[in-house]
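> Need the complex rebuilt from these two chains, each delivered in its own frame; the hints are there to steer you.
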Amino acid sequence: MAEALLTLRDILVRYGPTTILEFSSLSVHAGENLAVIGPNGAGKSTLLRLMAQLQQPTQGKIYFHDREALPSNGLAIRRRMASVFQEPLLLNASVYDNAALGLRLRGLDRRSIEGRVQPWLERLGIEHLRRRRARSLSGGEAQRTSLARALALDPEMLFLDEPFSPLDPPTHEALLLDLQRILRETGITTVFVTHDRDEAFMFGDRTAVLIGGKLLQTGPTMEVFAHPENLEVAQFIGFDTKIPGVVESANEQSAQVRFNGGYAQVFGDFQAGEELFLCLRPEDIAVSLPGVEGPKSSAGNQLRGKALKVTPWGAHYRVAAACGENRLVALITKPAFLGRKIAEGDEIVAAFEASAVHVIKRN
Amino acid sequence: MELIWEGIKHAGLLLLSRDAEVLGITLFSLQVSSAATGLSLVVGIPLGMLLAMKRFPGHSLAVSIINTGMGLPPVVVGLFVTIFLWRSGPLGFMELLYTPTAMIIAQVIIAFPIVAGLTMAAFQSLNPNLPLQLLGIGASTPQLLWLLCKEARLPLLAAIMAGFGGVISEVGASMMVGGNIRGQTRVLTTATVLETGKGNFEIAIALGLILLVLTFAVNLLLTHIQQREQIRWPKPS
Numbered sequence: 001m002a003e004a005l006l007t008l009r010d011i012l013v014r015y016g017p018t019t020i021l022e023f024s025s026l027s028v029h030a031g032e033n034l035a036v037i038g039p040n041g042a043g044k045s046t047l048l049r050l051m052a053q054l055q056q057p058t059q060g061k062i063y064f065h066d067r068e069a070l071p072s073n074g075l076a077i078r079r080r081m082a083s084v085f086q087e088p089l090l091l092n093a094s095v096y097d098n099a100a101l102g103l104r105l106r107g108l109d110r111r112s113i114e115g116r117v118q119p120w121l122e123r124l125g126i127e128h129l130r131r132r133r134a135r136s137l138s139g140g141e142a143q144r145t146s147l148a149r150a151l152a153l154d155p156e157m158l159f160l161d162e163p164f165s166p167l168d169p170p171t172h173e174a175l176l177l178d179l180q181r182i183l184r185e186t187g188i189t190t191v192f193v194t195h196d197r198d199e200a201f202m203f204g205d206r207t208a209v210l211i212g213g214k215l216l217q218t219g220p221t222m223e224v225f226a227h228p229e230n231l232e233v234a235q236f237i238g239f240d241t242k243i244p245g246v247v248e249s250a251n252e253q254s255a256q257v258r259f260n261g262g263y264a265q266v267f268g269d270f271q272a273g274e275e276l277f278l279c280l281r282p283e284d285i286a287v288s289l290p291g292v293e294g295p296k297s298s299a300g301n302q303l304r305g306k307a308l309k310v311t312p313w314g315a316h317y318r319v320a321a322a323c324g325e326n327r328l329v330a331l332i333t334k335p336a337f338l339g340r341k342i343a344e345g346d347e348i349v350a351a352f353e354a355s356a357v358h359v360i361k362r363n
Numbered sequence: 001m002e003l004i005w006e007g008i009k010h011a012g013l014l015l016l017s018r019d020a021e022v023l024g025i026t027l028f029s030l031q032v033s034s035a036a037t038g039l040s041l042v043v044g045i046p047l048g049m050l051l052a053m054k055r056f057p058g059h060s061l062a063v064s065i066i067n068t069g070m071g072l073p074p075v076v077v078g079l080f081v082t083i084f085l086w087r088s089g090p091l092g093f094m095e096l097l098y099t100p101t102a103m104i105i106a107q108v109i110i111a112f113p114i115v116a117g118l119t120m121a122a123f124q125s126l127n128p129n130l131p132l133q134l135l136g137i138g139a140s141t142p143q144l145l146w147l148l149c150k151e152a153r154l155p156l157l158a159a160i161m162a163g164f165g166g167v168i169s170e171v172g173a174s175m176m177v178g179g180n181i182r183g184q185t186r187v188l189t190t191a192t193v194l195e196t197g198k199g200n201f202e203i204a205i206a207l208g209l210i211l212l213v214l215t216f217a218v219n220l221l222l223t224h225i226q227q228r229e230q231i232r233w234p235k236p237s
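Chains as they are written, first to last, in this note's numbering: chain P, 1 to 363; chain Z, 1 to 237.
In isolation and in its complexed conformation, chain Z is listed as follows (with noise of 0.2 Å):
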């Protein structure tokens, strides 16, 4: 017990004072995932709205790729990601391994199946009726799909904040194609590897606990939103 209050007592000083190495890898770690959230963002949507509304010769067996992608475990993104950048690998004259940017592709490719796989349940609940109702009043293509982005926002913004969480808090790939490199590539997740490895606690639990705020913070902003829609239910009249 002795262990864990005096670890959690040096975290909160560590913290309090604003440690530069601190400060610096949640910084990194913020930039990174964001990053990658957005491009996964930009992928995802539209891959996800196609599956939803349009059918075509492939699309259980794109369906099913996608569900399976969602699940995908962090490790083995980070082991192919890490051989097609390897000096010998496909990739490699572009020497991106240990990188920020190796990290961003992987993040990205752990993200976008779950931004997929979200939005297309969050069109797939939306009235299947609807479009054509759009049209029906003069809705053009943009317009349409605009309009229906909006009608699906709050399970379109679980899909986003499900993305980001999916990749803040991961440690494999992150590890294999950054390389923990101190002032490079270390992130939150990477770092607490790293200090509970050298027997550091304090410093570990300091950094798990910044990682743990920011998913708290992420969910907290989502639970307020729908939140917010629930107070404009009606009054009994």
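For reference, chain P alone in the conformation it holds in the complex (with noise of 0.2 Å):
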């Protein structure tokens, strides 16, 4: 385990009677990228500004290189750390004096600035605007002079508070990898909050997702992902369908589980008797009419519905069925969607893969 570069203990933040953010303990390690997810709301930014010194907690204690973070020492801690925010928030000046203006405020000497935010102006692809006014940029451009401003002073973390959120896709996609690259080789240290969980599955080495101020699960992202530990979080990062179960009977490495509608086989160590949630993913679900022969259909695990609501989805189609008590979403790709003509009210059949079920214990 790499050194906790930034540790938070047992963190409480109240506005008046309002809790914001409650938790116990979360660490940011030397050179990983943690992902902070949640809806909106959740306390993200909150908790950023915590983390960035620019807001003390009601209670709880943070600590930076295993010292305390305190109100007298915060200026010097800032000075270590970097924040970018959902705004890019330039000063009415040029795309240069903005992107020195940190190094500036230290009192670096005007020969180091320029050779400090030169090379990032270049790197960032604004080299071009440097004597542009700051307002007369672009979303995507300011955006990158608020990066570059952030990166000249070559931070020892860096704090991103949904920079890329009001901007238009391929602008959005464009600084998103843009960014991918430069923290894969600087190795900064990020605290990178977002709502996107595809932003969060790109950046993130690890990732917490908060949601109503609480912090309900903490770890490498792909676990997060893979494995949610509970139902807020297995919805939030997409399990839409989440079917109540119980298991019938069970070795070691499986077991049948019976549900209002069915039974499904699932992988695991379960008992016999066990109540559970079935999750699955909208694109682990495949959707057939019945008696038509479907791309899944030697998939075990099958129930039948009737199709409420069919919605195009991007490249996909969005089908959100009842079987039963449950409610379940499917997400079926275009071609498919227009080889099998599934509409609102039809009867269909929903099959999946064993391999698929993400079991969720009820407790």
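Hints listed in this document are in silico derivations from the structure and should not be mistaken for laboratory results. Remember, predicted model here, so these are calculated numbers, not experimental data. Please note that a few of the clues may not be correct.
[What the hints assert, rightly or not] Take a look, some chain P residues computed to stay more than 12 Å from chain Z by CB distance: (1) Pro88; (2) Gln118; (3) Gln180; (4) Arg181; (5) His195; (6) Arg258.
[What the hints assert, rightly or not] Facing chain Z, according to a computed beta carbon distance under 7 Å, are these residues of chain P, among others: (7) Ala52; (8) Gln56; (9) Arg78.
[Said to hold, decoys possible] Residues from chain Z that face chain P, not an exhaustive set, calculated with beta carbons under 7 Å: (10) His10; (11) Gly12; (12) Leu13; (13) Ser17; (14) Asp19; (15) Leu130; (16) Gln133; (17) Ile137; (18) Gly138; (19) Ala139; (20) Ser140; (21) Leu144.
Just so it is clear, CB atoms sit at the ideal spot from N, CA and C, and this is done for glycine as well.
Rendered as structure tokens:
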């Protein structure tokens, strides 16, 4: 385990009677990218402000390099960090002056500032804009300037608070790829806050899921996305279908689970009588019309139901269906949809592989 | 018409001849009003920043008082300053009535709410997340305040100009607390009142013209600075 660069302990943040944030522990390790994901209003930005020494918790302690962060050493710590927010928040000055601002605040001389800012303007593709006034920039250019301003500081920790969410998709994507490359090359310890699980998946070595002010799960990103520990996390990271069931019989590798409307086989070590939820991602459910051979007709686990709503979903179609009391969401490709012509109100058969099921135990 | 024309002609001659008394009055007016504006900046800018950036009990009351103060009639200020400085008044022992100091006190009371109110508006027009961002790239508190002032420089300049414009042109308070004593507390406005009353229109017009030129110069400077900023808008690429 790498060294913990920043550790938060027994944190409580309250505004009046409202609790914004409450958790026992969170660490950021040297060199890692930690993604913090959660819905709007979950307390993500507050958490980031605590880490960046921009806000004091109501209760709790924060340690940077194993030394407690206090208001008295706040400036010294802040000068080893840098933040980029959702808005670029540039001053009414040129791109260069904005990018150089943090270094000027640290009292560096002109030449060393030039030497540190210039490479970042080039690397972020905004060198040609260096004399432009900040307010004449496009959203993407402004956010690149804000990134240059942070990266020129060569910070020990970089905090990014949904830095790209207001941008249009092509700009967003280009910046995301550039930033990913830069972070990989520099190895800066980064905390990236986002409500977009794809961004978290792309960036995070580890992911922390923050919902309703509580840290519901923290772990390696792959692990969190594959094995959410509870229903709220499962829902947020894309397991839209959650079917309650009971284990009928079990052996060491697999179990037979009965749910309202059918049986399913799942893999894992379970005990007969255990109550659990079968969680499925939309892309892991195949939907077809009864009697028609679907591509996944070999799937062992099937349930019948009725299509409630069919919505175009990017390159896919999203089918929401009712199977008895269970609600189910499936994503099918456009060719498959056009071949099968599922309409709202149709009887359907939904099938899934046992290996695609993620089980959450009910307690 | 004859009266006005003759008046302007004489006023022009008076100005060209650099009449010692007119020149003295002009310089004295500038001294008093500059000192008053300077002091009201010292009080008004921090107060305006505080009101714009911090919430505290009594905040909206304070804002209301400042807003009322921005339209305070100079004669009312003159009245209360006179009462305080009157020989039997609370500050009578200081013997300040009918001195330039008394005039500066009255003008500060007129100007500082204007400066504070416009400063507050200037800082409220900044993005409320800007302080967090500046701290987030390592600004200390003094650096933060300086950067915010720099960012709000144009509306702040307007606040300074409005404060100066308010006091250079007021007559009621200067008359009451200064007493319009020749060679001691006579300023452009009080002198204009006096000369008009005596029927010396050419001198009154000359004084009035100087006042107009001063106000115009102040506005010209402000407009010039604003225009200079405007020119930096991007050319279409």
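> Give a verdict on every hint.
Taking the hints in turn, this is what the structure says about them:
no.	hint	verdict
1	Pro88	9 Å, violated
2	Gln118	18 Å, holds
3	Gln180	22 Å, holds
4	Arg181	22 Å, holds
5	His195	18 Å, holds
6	Arg258	53 Å, holds
7	Ala52	6 Å, holds
8	Gln56	13 Å, violated
9	Arg78	5 Å, holds
10	His10	49 Å, violated
11	Gly12	44 Å, violated
12	Leu13	48 Å, violated
13	Ser17	47 Å, violated
14	Asp19	46 Å, violated
15	Leu130	5 Å, holds
16	Gln133	4 Å, holds
17	Ile137	4 Å, holds
18	Gly138	4 Å, holds
19	Ala139	5 Å, holds
20	Ser140	5 Å, holds
21	Leu144	9 Å, violated
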